[in-house]
Every structure is written in C-alpha cells, then in structure tokens.
Amino acid sequence: SAVISQKPSRDICQRGTSLTIQCQVDSQVTMMFWYRQQPGQSLTLIATANQGSEATYESGFVIDKFPISRPNLTFSTLTVSNMSPEDSSIYLCSVEMDRETQYFGPGTRLLVL
Amino acid sequence: LAKTTQPISMDSYEGQEVNITCSHNNIATNDYITWYQQFPSQGPRFIIQGYKTKVTNEVASLFIPADRKSSTLSLPRVSLSDTAVYYCLVGGRGRRALTFGSGTRLQVQP
Chain A
37 SAVISQKPSR
47 DICQRGTSLT
57 IQCQVDSQVT
67 MMFWYRQQPG
77 QSLTLIATAN
87 QGSEATYESG
97 FVIDKFPISR
107 PNLTFSTLTV
117 SNMSPEDSSI
127 YLCSVEMDRE
137 TQYFGPGTRL
147 LVL
Chain B
2 LAKTTQPISM
12 DSYEGQEVNI
22 TCSHNNIATN
32 DYITWYQQFP
42 SQGPRFIIQG
52 YKTKVTNEVA
62 SLFIPADRKS
72 STLSLPRVSL
82 SDTAVYYCLV
92 GGRGRRALTF
102 GSGTRLQVQP
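Protein chains in written order, with my numbering: chain A, 37 to 149; chain B, 2 to 111.
Worth flagging that the hints you see were computed from the coordinates, not collected in a lab. Misleading hints may appear alongside valid ones.
Stated by the list, open to error - Okay, the calculated beta carbon distance ranges per label pair:
{"no.": "1", "chain 1": "A", "residue 1": "G76", "chain 2": "B", "residue 2": "S82", "range": "39 to 49 angstroms"}
{"no.": "2", "chain 1": "B", "residue 1": "T84", "chain 2": "A", "residue 2": "R46", "range": "18 to 28 angstroms"}
{"no.": "3", "chain 1": "A", "residue 1": "M67", "chain 2": "B", "residue 2": "A29", "range": "19 to 29 angstroms"}
{"no.": "4", "chain 1": "A", "residue 1": "V39", "chain 2": "B", "residue 2": "L81", "range": "19 to 29 angstroms"}
{"no.": "5", "chain 1": "A", "residue 1": "S78", "chain 2": "B", "residue 2": "N58", "range": "36 to 46 angstroms"}
{"no.": "6", "chain 1": "A", "residue 1": "S54", "chain 2": "B", "residue 2": "A67", "range": "34 to 44 angstroms"}
Computed from a predicted structure; not experimentally measured. No residue lacks a Cβ here, since even glycine has one placed at the ideal position from N, Cα and C.
Using the sequences provided together with the hints, build the complete structure.
If you want it as structure tokens, here you go:
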C-alpha cells in the first residue's frame, strides 16, 4: 500500500484566483492520477501524470485550466486556474501500486466564492 | 470502457450479510472487476478485485458468474462502520486510470 497526503486539506478561494494542490506519496510510483468529485457525485478523472512527461488530460479538461507538474516519482501538483464557483469540488490524487490497484489521497475540499 | 450499473442505494441492519450486484454487460476479455469503498470526506479505498469465479479476502467476497456480465460484492455481517458508498469498476490492465460509475450508497442501521 501507499500513504498519500494532500495539501491543503481544504480552502476557500475567490473567483478568478488560482490554487495549487500538492500530492505527496511515501514511496516512488510511476503513475499518478488526479480526480475531481463534485458534491454528492462520483469521481471524474482529470488527468494522468507521469514523471518526466506531460500530463494526459481527459475530455473536458485542459492544461490551461488544470496545469499539472510531476517533478519526481513521489510528488505532483494540480493547479486550478482562474477559478469560478463551478470549480467547487473535492480534488483527489491517486497512485497505482501492485496489481494495478489504486490508492487515493484524502482529498482537497475547495470552495470558490 | 465497460459501463457499470449498480443500485443507487441499499439499506441493511447490523449483523446482516449485504450483497451488492453490479452489471457490466459489455465487459471485455481482458477486463478485471474492482470494488472500492468511500467514506464521507475520504478518498476511495480498494476492497477487492477479481477476474472470474470467486475471490475472498479479509473484508469481502466477490462472486463473478461464468459470463462475467455481472458481479456481486458480498459483505458478511455488516456493522455501522460499513456505511459508505461502494463503487464497482471494470477495466483492462492496459488502461490504468479508473472510470467510476455512480456507486451504491449503503446505509447500515443499528
């Protein structure tokens, strides 16, 4: 298994600003993923982040809005840019471990006013 | 990716066995079936994974019929702490990212 931490755990932001969410893993992993979970809804994949290459974004998500960094095998950041109230959500990172199962971080709860 | 269908919600009482069935009619040959559990304010947690027949671990059992078009997660003797949302996912090992369906909200009553 893996221990995953996210910072911040929650934040309240003003529209038009940006927030960077950090994801730290206690072991080296190849694949990291970022998901969004809107209130009362299921999880939606935003992008896959591989170390040393550009992130791969899912349909409906673009790099200008959600830039991702993956500087090493234990760390990644997701930035939510030019935020609007529609971006209010929980953002989760996950990592792939053995047998292609994933372990999730606790999430970052974002409220945009 | 194979689409999954599960009941939106289920209710149970402590000590009962709970079975949650997921249908995935379009499952592909190389797809595995994985179940996750999510508590409020937490990320999903892996419960169990299987390909065919039956898989059992310390938490749950997973029953997969021969045609693999459905699967059933079985939780023995549930307790209040099993109240959570349970997600059934189907995916091949070539695609690592997960596609979550709507999940089943299980409420366990005393």
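Provide an ascending list of the numbers of those earlier hints which the structure does not satisfy. 1, 5 and 6
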